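Trainee: Chains as they are written, first to last, in this note's numbering: chain A, 48 to 286; chain B, 48 to 286.
Keep in mind the hints are simulated off the structure, nothing from the lab. Predicted, not measured: the structure shown is a model, and the values here were computed from it. Errors might be hidden in some of the hints.
The list treats identical chains as one, so a pair stands whether inside a single copy or across any two.
[Claimed, not checked] In silico lysine to any residue, SDA-like type, Cα no more than 25 Å apart, as pairs:
1. 206 - 274
2. 217 - 101
3. 105 - 225
4. 105 - 147
5. 156 - 108
6. 126 - 223
7. 217 - 124
8. 206 - 169
9. 104 - 213
10. 87 - 151
11. 206 - 99
12. 156 - 144
13. 206 - 244
14. 217 - 111
15. 126 - 212
16. 195 - 180
17. 185 - 243
18. 104 - 173
19. 152 - 124
20. 191 - 220
21. 206 - 101
There are 2 protein chains.
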Amino acid sequence: MMMMSISNGPFALAHEEGYKLYGFPYSASTWRVLAVLHEKGLSYYPITVNLRTGEQKKPSFLSINPFGQVPVLLDGHLKLTESRAIALYIENSHRSRGPKLLNHKNYNKMGTETMWMYIESFEFDPPATILTFEQAIKPLTGLKTDYKVVNETEPELEKVLDVYEERLKKSRFLARNRFTMADLFHLPNIQYLMNTTTKRLFENRPNVHRWVSEIMARPAWKKACDPNAWYDMKNNNEN
Amino acid sequence: MMMMSISNGPFALAHEEGYKLYGFPYSASTWRVLAVLHEKGLSYYPITVNLRTGEQKKPSFLSINPFGQVPVLLDGHLKLTESRAIALYIENSHRSRGPKLLNHKNYNKMGTETMWMYIESFEFDPPATILTFEQAIKPLTGLKTDYKVVNETEPELEKVLDVYEERLKKSRFLARNRFTMADLFHLPNIQYLMNTTTKRLFENRPNVHRWVSEIMARPAWKKACDPNAWYDMKNNNEN
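Just chain A, same shape as in the assembly:
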């Protein structure tokens, strides 16, 4: 293995030592991991898995992640799937680098941050994912949006956003007055939904609107969801 990597040129060792990220630069889940990498100022070696040609369901990729999903992070011998777990691993491993996305010392604060991370997973993500799929992903693949599904799901998202509006009246961000992983976890779905008519549900609520504008404006996020940044990183690693 060492022989091989040496023969791969000057960047081979860097790749072996750094993060390798299987992902797709248009995938919301990939963006979640990229957001943490960019917040922390970490580089990575991108390996493109083309979701539009179904590469994630081919045997060669299923041997890497049997659930057939990106992202997958390789860090030496460690292989991790599930974007939120990867995000937390990167934050845990680089606690003192860049912005603190979690409070690792005060268990009460950590508890509140964890609660808002799980509110994202179990309250926000289910309706947001359906609305993203129907309105943003389906059209990309030539499928028709089912507006019955959209109309049934929007009220579910509204119930969640009503709770967020109350919370964000009192708090600048969801868990605390500073940006945390709980806010970051929401960004991928929000990014897609801002290009659909569901956008109005966020904009109708002044504090949700303020919060969305603030978290979307983070430079790390702009980089995370810019496919050019992914391909630039690939070229930088290879040239």
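With the hints as your guide, set chain B onto chain A.
Mentor: This is chain B only, laid out in the frame that chain A set:
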């Protein structure tokens, strides 16, 4: 407030200092928190929210959790919702007490544990919750099981259990060779599904079957899903 609690008798201070848990002793999510409390040997003051009469959707409870769900944990001024977040908070606050449900020191091990917790949330829980609802919850409330939904959802669960079977060939538990929070998170849905015909999907897979038997046999789990233990705790606190 102090005056009131003193006038409530000898256990009043203990309640103020200890955990107050809003829950329902037949609720799978409540069981998830109880499992951690019993693993750690911690007492709690149970406050029953009757899900069968819809108490969780009444204004008095919505002021405690606007999502209208149990469990809710009160620890002094801290209020937490989302069963998995509460479970992690209790484990974090009592790291050196009872079995270690997470590795807090080795980030690689923690990463793998976190990954399996999120696999539970995003791969296992969605089909398992639908199957539990259709076959175990609906009949309790006089509604009919929709077998079309059951037949469509079981293959989704089977895909997940196929991955688990491969994993459990090589590992005694999901994340490591010891019981962790990742295993514990699965117990509530499994407990309900073991009383439905979906049970066969677990039993057909020898390593999944072994794993299910081992995690269900834990004394803390037996206590967690026994409604008598909840009411005994209430009586102990009040007499």
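Trainee: Indicate which option fits the pair residue 126, residue 223 if close means a Cα-Cα distance not exceeding 25 Å: within, between, both or neither.
Mentor: This pair counts as between: shortest inter-copy Cα distance 14 Å, intra-copy 31 Å.
Trainee: Using 25 Å as the alpha carbon limit, work out where residue 191 and residue 220 are close: within a copy, between copies, both or neither.
Mentor: Intra 35 Å, inter 43 Å, cutoff 25 Å: neither.
Trainee: Please sort residue 206 with residue 101 into within, between, both or neither, judging by C-alpha distance up to 25 Å.
Mentor: Classified as between; 18 Å across copies, 34 Å inside a copy.
Trainee: Have a look at residue 217 and residue 124 and pick one of within, between, both or neither, based on CA distance no larger than 25 Å.
Mentor: Answer is between; shortest inter-copy Cα gap is 16 Å, intra-copy 44 Å.
Trainee: With identical chains, the pair residue 156 and residue 144 could be close in the same copy or across copies; at 25 Å between alpha carbons, which is it: within, between, both, or neither?
Mentor: both (19 Å within a copy, 21 Å between copies)
Trainee: At most 25 Å between CA atoms: does that hold for residue 206 and residue 99 within a copy, between copies, both, or neither?
Mentor: Answer is between; shortest inter-copy Cα gap is 22 Å, intra-copy 33 Å.
Trainee: Please work out whether the CA atoms of residue 206 and residue 274 approach to 25 Å or closer within one copy, between two copies, in both situations, or in neither?
Mentor: Neither: 32 Å inside a chain and 31 Å across chains, both beyond 25 Å.
Trainee: State whether the alpha carbon distance between residue 105 and residue 147 is at most 25 Å within one copy, between copies, both, or neither.
Mentor: This pair counts as neither: shortest intra-copy Cα distance 37 Å, inter-copy 38 Å.
Trainee: Within, between, both or neither: how does the pair residue 87, residue 151 come out at a Cα-Cα threshold of 25 Å?
Mentor: both (16 Å within a copy, 21 Å between copies)
Trainee: Are the CA atoms of residue 195 and residue 180 at most 25 Å apart within a copy, between copies, both, or neither?
Mentor: both (13 Å within a copy, 24 Å between copies)
Trainee: Checking residue 156 and residue 108: alpha-carbon separation at most 25 Å within a copy, between copies, both or neither?
Mentor: between (38 Å within a copy, 24 Å between copies)
Trainee: At most 25 Å between CA atoms: does that hold for residue 185 and residue 243 within a copy, between copies, both, or neither?
Mentor: within (12 Å within a copy, 35 Å between copies)
In this structure, the hints that do not hold are numbers 1, 2, 3, 4, 20, in rising order.
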